[in-house]
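Each chain, written out:
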Amino acid sequence: MTGNSNRRDFMKMGMAGASMLPFLKAMPALAQGSDTLVVVTGQTINSLDLHRTGTSRASYQVGVNCYDRLLSFGTKEAIGGGFSYDYQVIEPELAESWTVSDDGMTLTFKLKPEARFWDGRKVTAEDVKWSFDRAVSVGGFPTVQMKAGGLERPEQFMAVDEETFVIKLDQPSKLTIPDLAVPVPYIINSVEARANATADDPWALDYLHMTPAGSGAYKVLRWNPGEQLVYERNEDWVGGTMPAVKRVVIREVPSPATRRALIERGDVQLAFGIPDKDAAELADKIDVFSTPVENCIHCLCPNFAFEPFQDPDVRKAIAYAVPYEDIFQAAAYGRGLPLWGDDSPIDDIAWPRKTQYYTDLDKAREHLAKSAYPDGFEVPLSISLDLASWMEPTALLVQEALGKIGIKVEIEKIPGANWRTAVLVEKRLPLHLENFGGWLNTPDYYFFWAYKDGHLFNSSNYRNEEIEALVDATLHMPMDDPAYAPQIKRMFEIALDELPRIPLYQPALNVAANGAEGYEFWFHRQLDVRPLKAT
Amino acid sequence: MLSGYPRLRAILLRIAQAVPVVFGVVVISFLLTRALPGDPAVYFAGVMADEQSIEQTRIALGLDKPLPQQFAIYVGNLLQGDLGQSVSSGRAVATDLANRLPASLELTLTALLLAVLVAVPLGVWAATRPGTWVDHLCRIVVTAGVSLPTFFTGILLIYIFYYILGVAPSPLGRLDFIYFEPDHVTGFYLIDAALAGDWETWRGAVKQLMLPSITLALFTLAPVARMTRAAMLSALSADFIRTARAAGLSGRKVLFGYALRNALLPVVTTLGMVFSFALGANVLVEKVFAWPGIGSYAVEALVVSDYAAVQGFVLAMALLFVTLNLVIDLLYTVIDPRIGFVSQ
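So the sequence lines, in the order shown, correspond to chains A and B. In case it helps, my numbering puts the first sequence at residues 4 to 538. In case it helps, my numbering puts the second sequence at residues 807 to 1150.
Worth flagging that the hints you see were computed from the coordinates, not collected in a lab. The C-beta atom is built at its ideal place from N, Cα and C for all residues, glycine as well. Possibly wrong hints are sitting among the right ones.
[What the hints assert, rightly or not] Distance ranges between label pairs, derived from CB positions:
#	chain 1	residue 1	chain 2	residue 2	range
1	B	Leu971	A	Asn199	33 to 41 angstroms
2	A	Asp378	B	Gly868	45 to 53 angstroms
3	A	Glu99	B	Trp1005	48 to 56 angstroms
4	A	Ile289	B	Ala950	28 to 36 angstroms
5	B	Ile879	A	Asn438	46 to 54 angstroms
6	A	Lys288	B	Asn883	51 to 59 angstroms
7	B	Gly868	A	Asn438	26 to 34 angstroms
8	B	Pro872	A	Asn438	48 to 56 angstroms
9	B	Leu838	A	Met245	51 to 59 angstroms
10	B	Gly868	A	Arg466	54 to 62 angstroms
11	B	His942	A	Gln402	46 to 54 angstroms
12	B	Asn883	A	Pro116	48 to 56 angstroms
13	A	Asn199	B	Thr1129	36 to 44 angstroms
[To be verified] In the DMTMM-like style, the derived pairs of lysine to aspartate or glutamate whose C-alpha atoms are separated by at most 25 angstroms in a straight line are:
#	chain 1	residue 1	chain 2	residue 2
14	A	Lys536	B	Asp982
15	B	Lys871	A	Asp38
16	A	Lys249	A	Asp122
Isolated chain A (complex conformation):
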């Protein structure tokens, strides 16, 4: 279905052949009933194919709702209300069962024999192989994400018979199985896709961009880019519990004030990704879920390429000067989790964890006096205009606090289009705010991206030989290995002492519901519509 789809196409796609009028009259009633849910979001779905270059984050939800993966995660109760996916529990989606060889290098998956694509064709191991080959071959984000689980080359994937799929790994890794449950490695109807591929476009990127071809819980009934996407339930889905709602309408409403009016009035049942401020104010009126984003921290990052920040006392002085509570209230409206003021010894491997720092200007001044810059210095603090909702109040508070200990801060606002280049690729911002969150929820994965030298989210140009070795050692190690926990604790100790990133707080993803229940938080921070129910 495309944006140009007209009413006739719509009728063909499973609408009863009855005249339009009853439908028109029935829809408003249905919207209140259990058959249709309306969701508003501020983000734009710009593609129905996650593997395409330029696909926006909001589009990942199509990968989740319309396609199946081999595996999925379980469900647990979430902090802040509602449910959350459960990283610790792996559940089957298209795979019926799977085995891991003793050396951990060979993974064998048995597909569900009754699984069918939307066109009625059986899901085979050949489809899985084609889809995985595609993910590791198209380049860009999907290829990087596959690599995180040790999935790098098409030769690693084998379709043994119709229902048996095998993955050969170069080294055993605890990240492989979870990486199969992220949105990227979804299973595409390879026969349909190949029929629409061309010599220039062997992976059918143009076709699948507009026309999903999967086996997932929902089909795309219509898509008007920039306006709306309508899901319709796939009645033959075998990937999990059959969704309760027949039709879900995702409407794009850019203005947060308009979204708030709609959800408060109850004309829409779910508002996804509302601002912290609205979440705080709506919490007593309707259901608001503010789930702390796992493995995600909003940080203040002193860049080691800037001389004063090579002095550990300067970094500690800043860490003691930061007004944590004020920032948490002003920037996050108390949504999320505080990450400061716990000086008990590090005895677990939970991450993000509270740091030993707290706001104490005297301590900050002491550290600065000990440093090579007792009289302070001047530094720009860079923020992204795209993320101004939390960065701007945070930056103002940091500016004020650092001014009190003699560090003169000037706030530099960088347009969204430049932000990534400046902060992550060129890593040239002396002092800046950063908000990395890892999809795979293990501390070593966070450290891999954010603390290893040269890695994308290490925007502080930090390098510590011990951290390098510890991350390499723990990245693929099973979490129940006795050597794992001590090394992770050591990692925490170094990182929180050296402070290339000063944790401020753990942000929350806010969702308001008025007439819907069953919302579940996912690490990819997009809406999984499958568990939703109308109330």
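Go by the hints and put chain B onto chain A.
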């Protein structure tokens, strides 16, 4: 050859004059988008991109080639009528524009129509009674209209008519989700629905159009009303009006037949200008009312440095204004026969 058709000849001449303008726009929009800070390859390579995948993306986008070559490719495609592919929407820019331009035009034209319907009578009324309460009312309405930013008026109207009173429909774009958009003929929902004879959808579209077009109309009201008032004042004090009155023509005939007709020229000129800035002011209204128009498209394209989309937008706007100016010039000759086409 065309000497027998002076008007046609003049139109063709005007179109020929527009060619260098359009070419200039093509060059400038190309250079400006490239001069924008920000690296589209980094942006489109996605959240976890490493250097290798950024490079792959750069090649896929054709941004690894030198600038003159990129420009040659762009112009070559343009000549074949191909505006290029938008990376963020993944579709031809021409398709995107064809979908979104009518949405903006429908909103802007409706707003202008509303503004004219209110502003011209208001201006005339105020001009015939300068210094009275009508004149002051006109001044207050006009000042309020320009001084309130459109997003504020928009949110205020939503708050009153949707949130509190519940008389306006959900501010969810061009049509509530219970309707289907009419078959695409012109892209204007009101026209397409009427052509299809689907009055249910037509009413739905009108309801959705109401608040955003009032918002925009309030904003565009001011210049039109002020210009009408000023032009009417000077027309009414002109000699020919005194002559007409002295000749015993009825007040109505003098006012509408002579004064207004003479005052219309500057009003039409102002309308042309108002139309252009209303299209610009659209962006904020589009955001507030989730209106899938061209303004929000251009802003999103700019934010992600989606070159083809930005260039396509600028070019479409340039063409639109060339056409608009031509139409306004033609209108002059209709309103005032003294303005000859040949003299231009």
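Consistency of the hints with the structure:
1. Leucine 971 of chain B and asparagine 199 of chain A have their C-beta atoms about 50 angstroms apart, which leaves the hinted 33 to 41 angstroms range violated.
2. With their beta carbons about 52 angstroms apart, aspartate 378 of chain A and glycine 868 of chain B fall inside the hinted range of 45 to 53 angstroms.
3. A hinted range of 48 to 56 angstroms holds for the C-beta pair glutamate 99 of chain A and tryptophan 1005 of chain B, which are about 53 angstroms apart.
4. At roughly 34 angstroms, the beta-carbon separation of isoleucine 289 of chain A and alanine 950 of chain B lies within the given 28 to 36 angstroms, and the hint holds.
5. The given range of 46 to 54 angstroms is broken by isoleucine 879 of chain B and asparagine 438 of chain A, whose C-beta atoms sit roughly 37 angstroms from each other.
6. Our hint of 51 to 59 angstroms for lysine 288 of chain A and asparagine 883 of chain B holds, since their Cβ atoms are close to 53 angstroms apart.
7. Judged by the Cβ atoms, the range 26 to 34 angstroms given for glycine 868 of chain B and asparagine 438 of chain A holds: they are separated by roughly 31 angstroms.
8. Our hint of 48 to 56 angstroms for proline 872 of chain B and asparagine 438 of chain A is violated, since their Cβ atoms are close to 36 angstroms apart.
9. The hint said 51 to 59 angstroms for the Cβ distance between leucine 838 of chain B and methionine 245 of chain A, and at roughly 52 angstroms that hint holds.
10. For the hinted restraint 54 to 62 angstroms between glycine 868 of chain B and arginine 466 of chain A, the CB-CB distance of approximately 36 angstroms leaves it violated.
11. In this structure, histidine 942 of chain B and glutamine 402 of chain A meet the distance hint of 46 to 54 angstroms, their C-beta atoms being roughly 47 angstroms apart.
12. Evaluation of the 48 to 56 angstroms hint for asparagine 883 of chain B and proline 116 of chain A yields a pass: the beta carbon distance comes to about 49 angstroms.
13. Distance hint for asparagine 199 of chain A and threonine 1129 of chain B: a CB-CB separation of about 38 angstroms, consistent with the stated range 36 to 44 angstroms.
14. Between the alpha carbons of lysine 536 of chain A and aspartate 982 of chain B the distance comes to roughly 22 angstroms, so the proposed pair stays at or under 25 angstroms and holds.
15. A threshold of 25 angstroms between alpha carbons decides the hint, and for lysine 871 of chain B with aspartate 38 of chain A the separation of about 52 angstroms lies outside it, so the pair is violated.
16. As the CA atoms of lysine 249 of chain A and aspartate 122 of chain A are separated by approximately 19 angstroms, the hinted pair is consistent with the 25 angstroms bound.
Violation of the numbered hints given earlier is confined to hints 1, 5, 8, 10, 15; the remaining hints are satisfied by the structure.
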